[in-house]
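Note that the protein sequences, when read in sequence, are chains A and B.
Oh and the first sequence: position 438 is 438 in the numbering used here, straight run, nothing missing.
Oh and the second sequence: position 84 is 84 in the numbering used here, straight run, nothing missing.
Derived by calculation from the structure, the hints in this document are not laboratory data.
Where a beta carbon is used, it is the ideal one built from N, C-alpha and C, also for glycine.
A hint or two may mislead.
To be verified - Calculated pairs, DMTMM-like style, for lysine to aspartate or glutamate (alpha carbon to alpha carbon, straight line, at most 25 Å): (1) B:Lys134 - A:Glu542; (2) A:Lys535 - B:Glu138; (3) A:Lys306 - A:Glu388; (4) B:Lys134 - A:Glu444; (5) A:Lys535 - A:Glu376; (6) A:Lys323 - A:Asp371; (7) A:Lys535 - B:Glu62; (8) A:Lys457 - A:Asp371; (9) B:Lys134 - A:Asp440; (10) A:Lys404 - A:Glu462; (11) A:Lys323 - A:Asp440; (12) A:Lys404 - A:Glu542; (13) A:Lys223 - A:Glu129; (14) A:Lys245 - A:Glu280; (15) A:Lys404 - A:Glu444; (16) A:Lys535 - A:Glu403; (17) B:Lys134 - A:Glu462; (18) A:Lys285 - A:Glu331; (19) A:Lys457 - A:Asp472; (20) A:Lys535 - A:Glu129; (21) A:Lys404 - B:Glu138.
Unchecked claim - To give a feel for the contact side, a few chain B residues facing chain A, derived at Cβ under 7 Å: (22) Pro41; (23) Tyr44; (24) Val53; (25) Arg128.
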Amino acid sequence: MVGSLLLLTGGWVGFRGWQARAHLLNAAGLARELSAQVVGGDTERAMRTLAALQEQAGAARTATADPGWQLARRTPIAGDDLDAVRLIAVAIDELARQAFPTLLRTDLTSLVPTEGRLDLARLTAVSAELARVDGAVQRTRRDLAAVPADRLVSQIRQALTDLRDEIDRLAGLTTAAVQGSRLLPPLLGARGARRYLLVSQNLAELRATGGMFGAYALIEAEKGQVRMGGQGSSASLGRFTPPLKLPPETRALWTDLPGIYPADVNLTPHFPTAAALYREMFRRKTGTTVDGVLAVDPVVLSYLLKATGPVMVPGGVPLASEKVVQTLLNESYQRLNTKQQDEYFAASAAAVFDAFFKKNVNSRVLLSVFDRAITERRILFWSARPEEQRTFGDSRMAGTLPEKDTVPTVGVFLNDGSGAKLGYYLRPAANVTVGDCRPDGRRELRLRVTLRSTAPKSGLTESVLGLGLAGDPYTVRTLVSVYSPAGGAVLDARLDGTETALGSGTDRRRQVATASVDVGPGAERALEVTILTAKSGAGQAELWLTPTASPWTTQVHSAPSCDQ
Amino acid sequence: MRLSRIIMALAVGLAVVAVPTAAGAAQPQPTPSATTDPPQPPPYPPAAAQLTVNRPTIYLGETVTLTGTGFGPNETVDIVVSVAPLAAPAAGQAPARRSDGSTVAMAPVAFHASAAPSFTAFTNAEGRFTRNYKPTVEGLLTFTATGRESGRSASTELRVLPPRQPLPVTGDSLGTPMKLGGGLVAAGALMLLMTLAWRRRQRLGGAAR
């Protein structure tokens, strides 16, 4: 009698558990789908997904809430597993009811500026909603963290680990979104007018953060309305003697150059240093103090043109997404003299500006374009206000070289040493292999950087060839700076197999070794570098590279962790 | 972080929309004029370092080759070496651990002055020199080279790591075999002596018999 009762209860719980498991799996899949739809701005389909998710999550929760289940939770061995399944079901259900509906109501695409204006009132309202979502997500995260995972059977343990990862990602996202939506209104002049410098990085003449800051434009923001002020070239800012004061590490690596020339402020890859120097140079020359510096490059423009379609430029070739980098960074130097170049650039600027306001821009494409540009570090922003800078200081957009690594990160930064516009012809590649574990706890990394030049042997204009400091004007000289992981070291470097002389220094807890690499037209050079990590058994490695006109070819060969 | 990036990007979007990304990129940079008085700043493109090392990091006991360029022809160059501790581990990093799992407190190490805190080199007619140097301490070494006549100065860094460990054998694991071996040798020696003494007594005894 007792036996059959137990069997019956066990059978019932087993059946309900199987039901709950099926619902849970469905719900997890739906949650992933939903997240993609939210970011993609596909509201209609997202609404349908949400309805299905709520149903599945609710069903999973109900299946784990009946008396039989409650009873079984108190049994010694199976109890823990059943407890965990119930907690997971509750967590997904909470998310489906509290977090996702608000995230869906917050239609991100409607926040894209129209007529050069962002709706600050709407943004403030969104900020409050996002804060509520963030609260719900953080609560779920805490509840799940309290579930003891080590004694669960593997299937449920895996489900719990997956869910925790998913919710960690979501929590990071909502926290950042709250910060972002709080930060935007003051940045756009909700509490008093703001002024920023927008600089364009010229990728034809490489600098560590991308390219030389060729030109600037003053941007004024007030109450969400953005206007463009005066424009000028970096050259018009002149040079500064005595030089501006530099961080000692930067000065040891690059002499006083970043403090003398606006074209050299970004010899260091740490964008905050470069931006602060440029702002100070601008202040000394014009008397205007700006609140921050924003840097973009022509590749960003090519992404933007994807959203608008080709733009006609009076008296020039039309600008199209596929060709814009070539048109702006190469052909214009080839076809036009300096004065014509200025006129052409001004005309294309006006044309693109018009296109954005008169054409019907696809906002979803626009958002994905920004996402890509920021991932590739082609959009960088620095705020002169320390409290604002702190709030987004660790995002990719800040361009901050971190003083600590989560994954050992090797930096490869390129600076042009020829004084020419030949960077457009460079085809860079980098691959890093995680090597031996060493008795001192460090790990060896082997880096191979190759630079290939597709420059012609003749026929380029003086504008492109510039100062030709490598001797032969068609040879491009690049200063390749290899940054060790934080706390690590650079052991040695071989250029095409032979030991090469290296400048050596430190930048933000990373050892920096700089080699001068001359690449003739059509030639390729390879720099092989042995690097040590800090004490770390990690089997992964990451690369941080100068964004270039032609994208890098990269490879990372990981290895098992040394602790295994 | 996608959502945050998108939101931050909205601000950027405004600015980018309002502005020419590529305008003015071709501006020629100011070039120093030909006059030499007052002294002119260097041209704007960065140049390869004037003082270089053949290896940026070495192990104690190894030698580094310093190369200087761009100094005055045939001049004496003074090279000063300063030593700082290698960067301390970042906050929050695990302390050093022994193989048995116990932790070791990391105390700052006092740095004794290098055997040669300064030395000299001589340039050739092109203003170039090479000089070998063997550090006697671990740490972060900074070399500053200054030409006596030209006054030109350049610096570079060298990291000196603890001597390379040929075999990962620690003192503790070496101790036991040493003691065991020593004990065996001592026991052997004792037995040899006893044998000798025994044979001597035998011989003496035999003679007495």
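So, going through the hints one by one against the coordinates:
1. B:Lys134 - A:Glu542: Roughly 34 Å separates the two Cα atoms, so the pair is violated.
2. A:Lys535 - B:Glu138: 17 Å, holds
3. A:Lys306 - A:Glu388: With a Cα-Cα distance of about 32 Å, the restraint between lysine 306 of chain A and glutamate 388 of chain A is violated, given a limit of 25 Å.
4. B:Lys134 - A:Glu444: 24 Å, holds
5. A:Lys535 - A:Glu376: Outside the cut-off at roughly 29 Å; violated.
6. A:Lys323 - A:Asp371: Satisfied, since the Cα-Cα distance of roughly 21 Å is no more than 25 Å.
7. A:Lys535 - B:Glu62: Satisfied, since the Cα-Cα distance of roughly 22 Å is no more than 25 Å.
8. A:Lys457 - A:Asp371: 38 Å, violated
9. B:Lys134 - A:Asp440: Holds - the C-alpha atoms of aspartate 440 of chain A and lysine 134 of chain B are around 22 Å apart, at most 25 Å.
10. A:Lys404 - A:Glu462: 44 Å, violated
11. A:Lys323 - A:Asp440: Measuring from Cα to Cα gives roughly 51 Å; hence the hint is violated.
12. A:Lys404 - A:Glu542: 13 Å, holds
13. A:Lys223 - A:Glu129: 21 Å, holds
14. A:Lys245 - A:Glu280: 10 Å, holds
15. A:Lys404 - A:Glu444: Holds - the C-alpha atoms of glutamate 444 of chain A and lysine 404 of chain A are around 18 Å apart, at most 25 Å.
16. A:Lys535 - A:Glu403: 15 Å, holds
17. B:Lys134 - A:Glu462: With Cα atoms ~47 Å apart, lysine 134 of chain B and glutamate 462 of chain A exceed 25 Å; violated.
18. A:Lys285 - A:Glu331: Violated, at roughly 32 Å.
19. A:Lys457 - A:Asp472: Distance ~10 Å between lysine 457 of chain A and aspartate 472 of chain A Cα, so the pair holds.
20. A:Lys535 - A:Glu129: Roughly 43 Å separates the two Cα atoms, so the pair is violated.
21. A:Lys404 - B:Glu138: Since the Cα atoms of lysine 404 of chain A and glutamate 138 of chain B sit roughly 23 Å apart, the hinted pair holds (cutoff 25 Å).
22. Pro41: 5 Å, holds
23. Tyr44: OK, holds: tyrosine 44 of chain B within 7 Å of chain A, min 4 Å.
24. Val53: Valine 53 of chain B check passes; min Cβ-Cβ to chain A is 5 Å, inside 7 Å.
25. Arg128: This hint is violated: arginine 128 of chain B lies away from chain A, its Cβ roughly 11 Å from the closest one there, beyond 7 Å.
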